[in-house]
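Enquirer: Residues per chain are reported as follows:
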Amino acid sequence: MRHLMSPLDFTVEELDKLFDLANDIEKNPEKYAHACEGKILATCFYEPSTRTRLSFESAMTRLGGRVIGFSDANSSSAAKGESVSDTIRVISCYADICAMRHPKEGAPMVAASRSLIPVINAGDGGHQHPTQTLTDLLTIRSLHGKLGGYTIGLCGDLKFGRTVHSLINALVRYDDIKFVFISPTELRVPDYVTDMLKEKGIEYEEVIKLEDVIGDLDMLYMTRVQKERFFNEEDYIRLKDFYVLTQEKLSMAKDNMLVLHPLPRVNEISVEVDEDPRAAYFKQAQYGVYVRMALILTLLGLA
Amino acid sequence: MLNVGKIEEGFVLDHIKAGKSMDIYEHLGLDKMDCTVAIIKNARSKVMGKKDILKVECDINTLDLDVLAFIDHNITINVIKNGEIVEKRVLSLPKEVKNVIRCHNPRCITSIEQGLPHIFILADEENEVYRCKYCEEKYAERQ
Numbered sequence: 001m002r003h004l005m006s007p008l009d010f011t012v013e014e015l016d017k018l019f020d021l022a023n024d025i026e027k028n029p030e031k032y033a034h035a036c037e038g039k040i041l042a043t044c045f046y047e048p049s050t051r052t053r054l055s056f057e058s059a060m061t062r063l064g065g066r067v068i069g070f071s072d073a074n075s076s077s078a079a080k081g082e083s084v085s086d087t088i089r090v091i092s093c094y095a096d097i098c099a100m101r102h103p104k105e106g107a108p109m110v111a112a113s114r115s116l117i118p119v120i121n122a123g124d125g126g127h128q129h130p131t132q133t134l135t136d137l138l139t140i141r142s143l144h145g146k147l148g149g150y151t152i153g154l155c156g157d158l159k160f161g162r163t164v165h166s167l168i169n170a171l172v173r174y175d176d177i178k179f180v181f182i183s184p185t186e187l188r189v190p191d192y193v194t195d196m197l198k199e200k201g202i203e204y205e206e207v208i209k210l211e212d213v214i215g216d217l218d219m220l221y222m223t224r225v226q227k228e229r230f231f232n233e234e235d236y237i238r239l240k241d242f243y244v245l246t247q248e249k250l251s252m253a254k255d256n257m258l259v260l261h262p263l264p265r266v267n268e269i270s271v272e273v274d275e276d277p278r279a280a281y282f283k284q285a286q287y288g289v290y291v292r293m294a295l296i297l298t299l300l301g302l303a
Numbered sequence: 001m002l003n004v005g006k007i008e009e010g011f012v013l014d015h016i017k018a019g020k021s022m023d024i025y026e027h028l029g030l031d032k033m034d035c036t037v038a039i040i041k042n043a044r045s046k047v048m049g050k051k052d053i054l055k056v057e058c059d060i061n062t063l064d065l066d067v068l069a070f071i072d073h074n075i076t077i078n079v080i081k082n083g084e085i086v087e088k089r090v091l092s093l094p095k096e097v098k099n100v101i102r103c104h105n106p107r108c109i110t111s112i113e114q115g116l117p118h119i120f121i122l123a124d125e126e127n128e129v130y131r132c133k134y135c136e137e138k139y140a141e142r143q
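Here the protein sequences come in this chain order: A and B. My numbering applies: residue 1 is where the first sequence begins, and numbers increase by one. My numbering applies: residue 1 is where the second sequence begins, and numbers increase by one.
The hints are simulated quantities; they were obtained by calculation from the structure and are not laboratory data. Among the hints, a few may not be true.
Listed below are the simulated DSS-like cross-link pairs for lysine-lysine, each with C-alpha atoms no more than 25 Å apart in a straight line [as the list claims (entries may be wrong)]: (1) A/Lys200 / B/Lys95; (2) A/Lys200 / B/Lys81; (3) B/Lys6 / B/Lys95; (4) B/Lys138 / A/Lys198; (5) A/Lys159 / B/Lys95.
With beta-carbon atoms standing in for the labels, derived distance ranges [claimed, not checked]: (6) B/Asn61 / A/Met1: 33 to 41 Å; (7) B/Arg107 / A/Val207: 51 to 59 Å; (8) A/Ala303 / B/Val129: 33 to 41 Å; (9) B/Thr62 / A/Ile68: 21 to 29 Å; (10) B/His73 / A/Glu14: 34 to 42 Å; (11) A/Gly201 / B/Asn42: 47 to 55 Å; (12) A/Ala79 / B/His104: 20 to 28 Å; (13) A/Gly148 / B/Glu125: 24 to 32 Å; (14) B/Glu125 / A/Val12: 22 to 30 Å; (15) B/Val129 / A/Ile68: 39 to 47 Å; (16) A/Val172 / B/Glu96: 36 to 44 Å.
Idealized CB from N, CA, C, for every residue including glycine.
Let the hints inform the model, and build the full structure from the sequences given.
Expert: What follows is the structure, given as structure tokens:
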């Protein structure tokens with residue numbers, strides 16, 4: 001039985017197959033409308049994440065399957081002290097596949113080791129969020145045409161942002177990508193990431209100001225500065241507005257540059273940018289559903 | 001100089017970093033065993049200045065050598081039979097260590113899940129880096 005814990009669980013070839021399927025779902029949704037009829041997805045969300053949960057629920061519903069689950073730990077047996085291992089054994093009796101979100105890192109892995117059904121890691125603390133990475137990759141592949149051969153700028157909180165670390169780890173498997181890291185010194189990408197890039201001989205650059213490099217980018221991945229990653233309010237307030245993408249900054253960018261963002265945004269992308277054809281973040285949310293549909297089909301052996 | 005007699009059957013752990021012998025004694029579970037154990041602390045050493053030595057009269061196969069290698073892979077093991085050294089073993093870093101160290105990441109599932117073994121995986125052999133199997137947090141305090 002196959003689970004998804006990290007984006008690297010799939011080989012590049014397996015990902016290509018998954019993305020081909022997602023693109024086919026995009027073009028021919030009716031073909032898949034009953035593909036999961038009679039199947040149940042359990043969404044076990046030990047912490048609230050409305051967007052991810054709804055994306056999974058939408059994916060399963062569009063495949064003709066049904067969804068059960070809980071959306072925070074207080075309404076689950078965890079509040080009574082049940083272990084993840086026990087919960088998943090029980091859920092295995094109720095559903096055919098499980099998407100688990102948990103504030104503790106490694107919880108979905110523990111679940112997968114005890115589960116009788118495929119488990120998808122829907123985010124575990126600051127550790128992994130593989131379906132976000134798959135969403136990002138599918139978006140890049142669909143809108144840029146391929147997963148290699150471009151300069152990508154990653155902007156904002158590069159220190160604590162697991163989305164960014166996961167994406168970098170997934171992208172280094174493709175050829176001819178240059179990374180540009182745009183962040184305040186306090187939120188620089190961790191050394192182990194740059195060490196890994198050096199070791200693999202992958203070109204990268206670290207800069208402070210978005211304006212200095214925006215003209216060189218084929219893709220700009222914006223992230224929000226998450227309040228919960230900071231220990232004190234002052235630092236958060238001081239840093240959160242550092243890297244805001246405005247139409248003015250975007251006017252310096254290439255005509256075909258893609259602007260991506262895992263969402264939700266706070267104010268790091270001005271609302272005026274939404275109307276620009278380069279803004280791809282809402283399409284990204286749509287690709288998130290397609291990739292989750294493809295993933296559910298693949299893990300259930302229905303692809 | 002203190003003299004400790006030869007052992008007939010068993011093994012000698014040599015080149016233990018001075019002061020670490022009691023840690024090894026505990027990790028190997030020697031406190032729970034019925035055999036004769038000699039703990040020699042701060043013995044003179046040409047190479048190390050001073051070192052600890054453990055002499056144990058029991059079958060070497062009853063021990064988890066992976067634990068030993070994790071604690072200090074520079075330790076050498078002399079296997080003794082009939083009072084003679086019959087084998088010298090060199091340790092290499094284990095690929096995985098189970099329930100020897102604990103994950104200190106407060107966000108790790110091991111901090112709340114009952115009965116979950118603490119497992120660390122060797123992530124970087126050259127730099128001797130171990131990471132928690134669950135949260136991938138680096139283990140920082142090598143013993």
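Enquirer: Is 34 to 42 Å right for how far apart the beta carbons of B/His73 and A/Glu14 are?
Expert: With a Cβ separation near 37 Å, B/His73 and A/Glu14 satisfy 34 to 42 Å, so the hint holds.
Enquirer: For the hint 47 to 55 Å, verify it against the beta carbon of A/Gly201 and that of B/Asn42.
Expert: holds (48 Å)
Enquirer: Under the criterion that the straight-line Cα-Cα distance not exceed 25 Å, is the pair B/Lys138, A/Lys198 satisfied?
Expert: holds (20 Å)
Enquirer: Are B/Thr62 and A/Ile68 spaced within 21 to 29 Å by their CB atoms?
Expert: violated (50 Å)
Enquirer: What's the verdict on A/Lys159 and B/Lys95, does the C-alpha distance respect the 25 Å limit or exceed it?
Expert: Answer violated: A/Lys159 to B/Lys95 is near 29 Å, above 25 Å.
Enquirer: Could you say whether the range 36 to 44 Å given as a hint is met by the Cβ separation of A/Val172 and B/Glu96?
Expert: This hint is violated: roughly 25 Å between Cβ atoms.
Enquirer: Do the Cβ positions of B/Glu125 and A/Val12 conform to the proposed distance bound of 22 to 30 Å?
Expert: holds (25 Å)
Enquirer: Check the following: the C-beta atoms of A/Gly148 and B/Glu125 are separated by a distance inside 24 to 32 Å.
Expert: holds (30 Å)
Enquirer: CB of B/Val129 to CB of A/Ile68, is that within 39 to 47 Å?
Expert: For B/Val129 and A/Ile68 the Cβ distance comes to about 41 Å; the hint holds.
Enquirer: Is 51 to 59 Å respected by the C-beta to C-beta distance linking B/Arg107 and A/Val207?
Expert: Distance hint for B/Arg107, A/Val207 is violated at roughly 30 Å.
Enquirer: Lying within 20 to 28 Å: is that true of the beta-carbon distance A/Ala79 to B/His104?
Expert: The hinted range 20 to 28 Å holds for A/Ala79 and B/His104, with Cβ atoms some 26 Å apart.
Enquirer: Are the Cα positions of B/Lys6 and B/Lys95 separated by 25 Å at most?
Expert: At roughly 34 Å apart (the allowed maximum being 25 Å), B/Lys95 and B/Lys6 break the hint.
Consistency note: the structure conflicts with the earlier hints numbered 2, 3, 5, 7, 9, 16.
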